[in-house]
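J.: What follows is each chain in one-letter form.
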Amino acid sequence: MDSYLIFKFIFAFAVFAIALLIATYSTYAERKVAAFMQDRIGPDRAGPFGILQPIADAVKMFMKEEMIPAQSDKFLFILGPCIAMLTACMTSVVVPWGSSLILNGREFPLQITDINIGILYVFAVVSIGVYGIMIGGWASNNKYSLLGAIRASSQMISYELAMGMSIIALVMTTGTLSIREIVDQQQGWHWNVFYQPLGFLLFIICAFAECNRTPFDLPECETELVGGYHTEYSSMKLGFYLFAEYINMFVSSAIIASLYFGGYNFPFISSLGLPHNVEALLGVAIFFAKIFFFIFFFMWVRWTIPRFRYDQLMHLGWRVMIPLAILNVLITGVVSLWKHDLLKW
Amino acid sequence: MQLTNRSKVVVDKKMTLMERSYLPAILGGLAITLKHFFRKKVTIRYPEEKRYINPIWRGQHVLKRDEQGRENCTACGLCAVACPAEAITMTAAERKKGEEHLYREEKYAAVYEINMLRCIFCGLCEEACPKEAIFLTDRLVPSTFERGDFIYGKDKLVEEIDKPIDISKRLQAHRKF
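If you're matching them up, the sequences are chains C and X in order. Numbering (the working numbering) for the first sequence: 1 to 345. Numbering (the working numbering) for the second sequence: 1 to 177.
Be aware that a few hints might be false.
With a straight-line cut-off of 30 Å between C-alpha atoms, the simulated DSSO-like cross-links for lysine-lysine are [as the list claims (entries may be wrong)]:
#, chain 1, residue 1, chain 2, residue 2
1, X, 35, C, 32
2, X, 163, X, 97
3, C, 32, X, 41
4, X, 154, X, 64
5, X, 50, C, 32
6, X, 41, X, 64
7, C, 32, X, 40
8, X, 156, X, 97
9, X, 107, X, 169
10, X, 64, X, 50
11, C, 32, C, 64
12, X, 50, X, 35
13, X, 169, X, 156
14, C, 60, X, 35
15, C, 64, C, 143
Since the hints were made in silico from the structure, they are not lab data.
The task is simple: from the sequences and hints, build the whole structure.
T.: In structure tokens form, the structure reads like this:
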């Protein structure tokens, strides 16, 4: 077989495994961060510092009794968590994890596939992710689940608009939809966050909403809706829903880091004079450091801000975020016209 | 009277645009949680670490023996009368010939029970006792699965002859007040 193909195969497997591993340990990190912010210690019984806690949780999830309500639609009930998990794993395909490795004189890019509509692909897959929640909530045949599913879908639709428009402004400045090209443009300190501060703010708020993270975790708010869309789920199906959320968090951290914070680029990295492969691996490490910071940021916000009321959520989505996103597109357009001397009065 | 200078006068003024965006407030909140992130943790890892228990702590009762290993209790019933929770019951019996090494006086408690679920650990039994027979100790009453297990009889209350329970601190505190 072609060595390029073998590399791709191994690399895709590695990305998949790493995404799952990081999502697993995000659950542990979440509990630790929560505990530390509340002056507690958090899980520390399973292994040193509770390192084996995620494994214990996974075993618990698998050993739990599997319940499918008699009144539910069994096919859709099982399909729901499958879609949630599948779409969560699919988004990591277009993320450029590093520049490239040169092995035996051949160049292997550290990205599963560099499609020229990378951002659109992410959006498409993420919007399918809503169906996992919707189908799950609908198939449960339970009022709380249905309410949670309806909340989830309306929230996702509202925030996807603003998210898309904040990305339009970014695409206008970068002139490409390929995530790798966007990352390559951000060498040195030319991070997009400095050119698109408003766009970044809108994007990160929408990313919180898309991941159903606090303060936008209305679809699963325990105080109002029992468990939201996953009220009727038990065992590993529930585990998949929760796990998909953590994978989504990891992937959106990666997307935020690559779109706005230079991805695997680091100022001065090219001035160090390192060999190409070492530089690439250093870039991967830097990219992961950025990702971990954003995962921490997600958790940090979760344990700081309380949940929105539903009308406040809709108010913010439709009457604040979308007008601001349109304003951002307008400003970006005017500035880029002015830069290219195309602005005629 | 002004107690502290931390009070803030509530003003219902119109918020500025910056305040209405809530971003400064959110950043302030993030700063607070980050401060707590690095703060000293209050958790006590229980089986390994135990919290400090005062020597005069009022915990599980003990029925004391004297220096020769004889039970002090004479089943006078003053503790049961003093008990506000009515947790103590007892049955008195007369000391037979040949039991002088077991009981200090002619009368003793054949049955002595404290319901640990009723007990409020006030220490009035200890105060009422004329024979310095019952004391509260710094031991904790362990949990069990059955309610019946919380009714402690003489088997759990009377100290073992070779393992006397130290109540000197408690006795000292008692005599002081």
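J.: Evaluate each hint against the coordinates.
T.: Evaluated hints:
1. Between the alpha carbons of residue 35 of chain X and residue 32 of chain C the distance comes to roughly 15 Å, so the proposed pair stays at or under 30 Å and holds.
2. Between residue 163 of chain X and residue 97 of chain X, the direct Cα distance comes to roughly 26 Å. Compliance with the 30 Å bound is thereby established for this hinted pair.
3. Between residue 32 of chain C and residue 41 of chain X, the direct Cα distance comes to roughly 12 Å. Compliance with the 30 Å bound is thereby established for this hinted pair.
4. A hinted pair counts as satisfied when its Cα atoms are at most 30 Å apart, and residue 154 of chain X with residue 64 of chain X qualifies at roughly 11 Å.
5. Proximity of residue 50 of chain X to residue 32 of chain C is assessed by CA-CA distance (about 22 Å); at most 30 Å being required, the pair is judged to hold.
6. A C-alpha spacing of about 40 Å is found between residue 41 of chain X and residue 64 of chain X, which places the hinted pair above 30 Å, so the restraint is violated.
7. Restraint check for residue 32 of chain C and residue 40 of chain X: satisfied, since their Cα atoms lie roughly 14 Å apart, inside the 30 Å limit.
8. With a CA separation close to 26 Å, the supplied pair residue 156 of chain X and residue 97 of chain X stays within the 30 Å bound.
9. Proposed proximity of residue 107 of chain X and residue 169 of chain X is supported: the alpha carbons are some 29 Å apart, at most 30 Å.
10. A hinted pair counts as satisfied when its Cα atoms are at most 30 Å apart, and residue 64 of chain X with residue 50 of chain X qualifies at roughly 26 Å.
11. For the hint pairing residue 32 of chain C with residue 64 of chain C, the CA-to-CA distance comes to about 24 Å; that is within 30 Å, so the pair holds.
12. Between residue 50 of chain X and residue 35 of chain X the CA atoms are separated by roughly 27 Å; this keeps the pair inside 30 Å, and the hint holds.
13. Restraint check for residue 169 of chain X and residue 156 of chain X: satisfied, since their Cα atoms lie roughly 21 Å apart, inside the 30 Å limit.
14. For the given pair, residue 60 of chain C sits about 34 Å from residue 35 of chain X by alpha-carbon distance, which is inconsistent with the 30 Å threshold.
15. Restraint check: the Cα-Cα separation between residue 64 of chain C and residue 143 of chain C comes to about 24 Å, which is no more than 30 Å; the hinted pair holds.
Checked against the numbered hints given earlier, this structure breaks hints 6 and 14; the rest are met.
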